[in-house]
Amino acid sequence: MAFKKKEIEALKNRWDEDYVAQLNKVLWKKDWRNRQDANVNFPNSPFGEISSKRDFRGLDLKCFSYQNLHNIDLSCSTITSITRSVLKDVRLDYTDIKSGISSILIDCSFEYANLHKIGLNNDGEPIQNTSFYKANLNKLVGRDLVFINCNFNSANLKRVDLRYCRFENCTFIGTQFFMSTLIHCTFIGEAPQIEQLDNSSIEKMVINGEPFDISKVNRNETKELIELAKDIISGV
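Be aware that the sequence shown starts at 17, since it is given in this note's numbering, and climbs by one per residue.
Because the hints were derived from the structure by calculation, they are not lab data.
Just to be clear, a hint being listed does not mean it is correct.
[What the hints assert, rightly or not] For lysine to aspartate or glutamate, the following DMTMM-like pairs were computed, each having C-alpha atoms within a straight-line distance of at most 25 Å: (1) K114 x D139; (2) K155 x E206; (3) K150 x E25; (4) K133 x E65; (5) K45 x E25; (6) K20 x D53; (7) K21 x E33; (8) K45 x D34; (9) K155 x E141; (10) K20 x D105; (11) K220 x E141; (12) K20 x D71; (13) K22 x D47; (14) K22 x D53; (15) K45 x D139; (16) K21 x D139; (17) K20 x D47.
[Stated by the list, open to error] Label-pair ranges, simulated between beta-carbon atoms: (18) E211 x D34: 35 to 43 Å; (19) A18 x D123: 18 to 26 Å; (20) E25 x E141: 18 to 26 Å; (21) E211 x K41: 43 to 51 Å; (22) E33 x Q209: 14 to 22 Å; (23) E25 x S67: 46 to 54 Å; (24) D177 x R49: 31 to 39 Å; (25) D177 x T96: 42 to 50 Å; (26) E141 x T94: 23 to 31 Å; (27) P227 x A37: 49 to 57 Å; (28) V162 x W48: 31 to 39 Å; (29) P62 x I204: 39 to 47 Å; (30) S217 x A37: 38 to 46 Å.
The C-beta atom is built at its ideal place from N, Cα and C for all residues, glycine as well.
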């Protein structure tokens, strides 16, 4: 679902400040028991449901940990960080994540989300069936991550640093790579096209069991300088 700027602002402005403050206070408590049962701190939304999900769109959340979220819509929210949590069938489209995610992600959606410069950790479990369509992952950092059936189509993966990661049956149609680090990454099924990997570090990369021939990649320094200038001008 596409959102216009005014629609996002309306979703943010609908929340009562005291309600959000109390929710942030509860979420700040690092209580592992909250992870045992789903939606302990998100029992019902004052705005009901949207597309069969509890409607928590537009929230301004600080750091929250040890949550078990299931079937919730947090689209258009601002979240500082998500740690030690389990997110299953959670929608975070157009969400702005400020610091990082260190949680289990299954059947989630980060379409059009801003994950710029964050750290990503899958808490020891694969990130499964999750969409990053048109998400901004610029300068994202992750190690030893496993992605299964994830959608990276049209996403911005410029200058990401993803080492020793594994991608199984993921899609990369129109994905932007530029000065990205994919050293020791493994791709099973689909993989980025050769032309997408220009000016990226891809040493020891393996595609469907075969070491990738790095000599196939065109390292165009002129193109690199042009793209770098564009990114500096646009502030990314």
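Broken hints, numbered, in rising order? 4, 5, 6, 13, 14, 16, 17, 18, 20, 22, 23, 25 and 28
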